[in-house]
Amino acid sequence: MIDLWLIFRILVFPGFTFILFLTLFCDWVERKLEARIQNRVGPMVAGPGGILQPLADFIKLLTKEDIEPRDTKKLVFRYAPLAAFSIMMFAMCFLPIDGASVISTGGFSGDLIIILAFATIANFLLFMAGWASANPYGTIGSARVLTQFLGYDIPLYLLALTPAFIAGSIQIATIASSFPYILLAPWAFILFIITMQAELEKDPFDVPHSESEVVGGLETEYTGAKLAFLHLTRDVQVVFGSALVVELFLGGPNGPVFFGLDWLFYTLWFVLKLLIVVVISEYITTVVARLRIDQVLTGNWKILLPAALLSLIAAVALATWVYHPFGIGMAVGV
Amino acid sequence: MSNAADMINLLESKFGDRIQIKQGTLEAGAIIANNGLHYDVLKAMIEADEKTGITAITGLDLGDKLGVYYHVHTAKPFFTIKAEVPKADPKIKTVVDIHPGALFHELEVTDLLGVVFVGNELQGHFVLSENWPDGVYPLRKDVDATKVQLVPTPEREANKNAEGRQVKIIIGPQHPALLEPEKFSVTVDGEIVTKVEPRIGYVHRGIEKTAESRSYLKDTYLVERVCGICNPIHAYAFVSTVEKILKPAVPERAEYLRVIALELNRLHSHLLTLGHAGLEIGYETLFQYFWRDREPIMDLIELTSGNRVYGSLITVGGVRRDLNPEHIPKIKSVLEDFRKKMPFYRKLYQEEPTLRLRMKDVGVLTREDALKLSVVGPVARGSGVDMDIRKTQPYSAYDEIPFKQIVYTEGDTWARMNVRMDEVEESINIIEYAVDHLPSGPVRVEVPRSVPEGEAVSSVEAPRGELFYYVKSNGTDMPERVKIRTPTFANIPSFLKTAIGESIADVPSNFVSLDPCFSCTDR
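Chains A and B, in that order, give the protein sequences. Take the position in the first sequence, starting the count at 1, then add 138; the result is the number in this note's numbering. Take the position in the second sequence, starting the count at 1, then add 9; the result is the number in this note's numbering.
Note that these hints are calculated values from the structure, not bench results. Hints should not be assumed to be uniformly reliable.
What the hints assert, rightly or not - If you anchor each label on the Cβ, the simulated ranges turn out as follows:
#1 Q175/B - L447/A: 34 to 44 Å
#2 I252/A - T418/B: 48 to 58 Å
#3 Q175/B - K202/A: 57 to 67 Å
#4 K212/A - K177/B: 36 to 46 Å
#5 E59/B - I292/A: 27 to 37 Å
What the hints assert, rightly or not - In the SDA-like style, the derived pairs of lysine to any residue whose C-alpha atoms are separated by at most 25 Å in a straight line are:
#6 K156/B - D70/B
#7 K349/B - T277/A
#8 K177/B - E206/A
#9 K440/A - R365/B
#10 K198/A - L406/A
#11 K85/B - L122/B
#12 K204/B - T277/A
#13 K356/B - I418/A
#14 K349/B - I175/A
#15 K369/B - Q433/A
#16 K506/B - D70/B
#17 K256/B - L35/B
#18 K170/A - Q297/B
#19 K506/B - E489/B
#20 K74/B - K60/B
#21 K156/B - S224/B
#22 K369/B - D432/A
#23 K218/B - Q297/B
#24 K349/B - D432/A
#25 K349/B - R174/A
#26 K211/A - T103/B
#27 K192/B - P207/A
#28 K60/B - T103/B
#29 K74/B - D143/B
#30 K170/A - T363/B
#31 K192/B - G510/B
#32 K506/B - T361/A
#33 K177/B - I418/A
#34 K506/B - K212/A
#35 K177/B - S224/B
#36 K350/B - R178/A
#37 K211/A - I179/B
#38 K356/B - A173/A
#39 K369/B - Y442/B
#40 K212/A - Q433/A
Backbone N, C-alpha and C define an ideal beta-carbon position, used for all residues, glycine too.
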């Protein structure tokens, strides 16, 4: 029997369509915020306040001519952007948005690990996309992507485990529903935001996109629909990263519910919390300069990795001797 | 050694009557040194004064001979070493081995006049297009530029990437980091730069040659077109050389108005670069802020000269437009507003941590190298060389206006940008002083259209550094030769040196700290 409700959840709400429009909305928020900080007006033509500009840009790119340079590895060049986009969307489906994740019964013990793995795979596909484009700028740009995410994945995983350890669970829905862990591990929240900036390749860590050095980075040879999907993948990554922060540290979609409309209020809280994270992240992006690749790596191995380890140790110690004996932060049923 | 007489005595005692010294012509003196003596004279001068360097090398067509004039600056006085070579066999000894800063100047003279510098031969073209035929030298008088038959574009060398881990990255002619077309082939080993090969001349317009077939009046407008950003200083440099030959009594009010125009120009040029540097290191907010605050300065330029960019205010014998007294309060209020914002910007450039990470210890140019390469302007002053032409050889009204010479000793990108940051404040002071002490009287005197036979040089401090003009007149209303040496042309060799051994990521931030202007470089 075809479960129409499940199909609706996957395709429309809170699945594909909702996530897609949420992504475009977050893109607009980022652009508008950056513009206002920089004394510009930002997008303002398409829709009220330019809110449809990201959608317009996406559609415009879809209509552009699609050029494939002769020396590219066709298979990877064509499908890597699409595959990266699909995987990011799939990873989003595991996040509880309206109280439950997209596939209501899809959450399982350990899904935190698998969505982090999906994010890594998506990054690797982006690297392949640049590598296959047979262009020195693309090659250098994607080598930088690889260097950066391989390094920053380790502190990211360690920091993601900090709330997981206090909650005593590695299931996202459980972590999100048990407690807003920013209160119990604020240091981990700050470190996680910084690591997320690096993972998402935003300033001060956006060396793979440094146009004054590597032109377009891995996107240099991409045009048309493929470029549209590369851009969309990056936007979904931003939403995914922010959503992960929301789920792990800000209590996910949980909040007060009125009139029994739990799905509406859960979604509302989720989007509001997401916007807070997006604004923090974009604010950091706007007020700093880009670091150099060696400084980015030094920051990773000499500062963030030890800090992440210390954060985990502190979380373990606090959870064992302080939080758990008083019943704070423990997930139900652990 | 800061005295012209000392230097002349030294040279006379050393070379006796093998050289001729004409005191007083071309600033401190012209030294005629033929038969390879130019090399020894320059060597003696460098040994006597560490600040000796070559400002420019002018090539001239003198009929059956080619003149090679080495314009030499010392700590204070300015000399010209004149050498001549027969046109049939134009060979002269290179001075690159004693003064590496002469490299580009020699190559340019080779390309445009066919003088062969033994020891520094040119392969292919340096500033001319690849389509330009070999053996046709455009600055020789017998070449009619309209009749030159261009050759087909030569076969391009296949990109040789090989040699292990070495990868060649081409920056330019079209590249997001360069706003103007110029090519730098950067060879990198991983992320480390091992070699930089420049190719300039993509926007060469032959302004020096064009100037020879136009009247002095028209040339004033022509030389402004050398560079859009720093156009008044080009007009002033040309006009001041002509005025040195003509000797009109330029009214004092005109000199003050010229200073106001030049300093407004320096102000907007420095703000442009300070913002552009932000763009190069991925600091877009900095860029937007600086360019926002630059707009009122552009409005002032429009207010005083009539146009935002090309005011064409300065002309032979004075300025074309007087300052309206009603505008003075507006000028002062805009400058005062900007002065209020200065502490914020200065703090930002001095202390912002990510900016310091990207600029501190990047592209370090030591004082010795700066002297050897004859770098000019903020690049030299960032390396501890105190050479501000406004101080060392005051022109216009600068000797009457108090201002500080900004010198930093670090020699890195950070120091070069902070020189500009501090000069912004000095420029505001100068403009305010000039507006307050504006003499009364006329702003222009009538000058004859024809200029008597003679020659003159003029060194002025453009926003990007020392700008040099040499004008030779022949008694008609058109100049015989106009030589322009722009600051970026003198500063590029320093980039070729400092980029080696640094990360490719430092190339943009290092390069932008020279405030490069390729439109100037190519003329």
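Just to be sure I understand the hint, the distance between the Cβ atoms of Q175/B and L447/A should be within 34 to 44 Å; is that true here? For Q175/B and L447/A the Cβ distance comes to about 38 Å; the hint holds.
Given hint T103/B paired with K60/B - CA-CA distance at most 25 Å: Holds, at roughly 20 Å.
Given the proposed pairing of K156/B with S224/B, does the C-alpha separation stay at or below 25 Å? It holds: about 22 Å lies between the C-alpha atoms, which stays within 25 Å.
Straight-line Cα separation of K506/B and E489/B no greater than 25 Å? 36 Å, violated
Hey, K349/B versus D432/A, does the alpha-carbon distance stay inside 25 Å? Violated - the C-alpha atoms of D432/A and K349/B are around 37 Å apart, more than 25 Å.
For the pair supplied as a hint, K369/B and Y442/B, confirm whether the alpha-carbon distance does not exceed 25 Å. 34 Å, violated
Hinted pair K256/B and L35/B, Cα distance within 25 Å: OK: K256/B and L35/B at ~14 Å, within 25 Å.
Between the alpha carbons of K192/B and P207/A, is the straight-line distance 25 Å or under? Status holds; Cα separation ~23 Å.
Check whether the Cα positions of K506/B and T361/A lie no farther apart than 25 Å. 37 Å, violated
Could you say whether the range 57 to 67 Å given as a hint is met by the Cβ separation of Q175/B and K202/A? 35 Å, violated
Holds or violated: K170/A with T363/B, Cα cutoff 25 Å? 24 Å, holds
Pair hint K349/B and T277/A, alpha-carbon separation not exceeding 25 Å: 46 Å, violated
In this structure, the earlier hints numbered 3, 4, 5, 7, 10, 11, 16, 19, 20, 23, 24, 26, 32, 33, 34, 35, 39 and 40 are contradicted, and the remaining ones agree with it.
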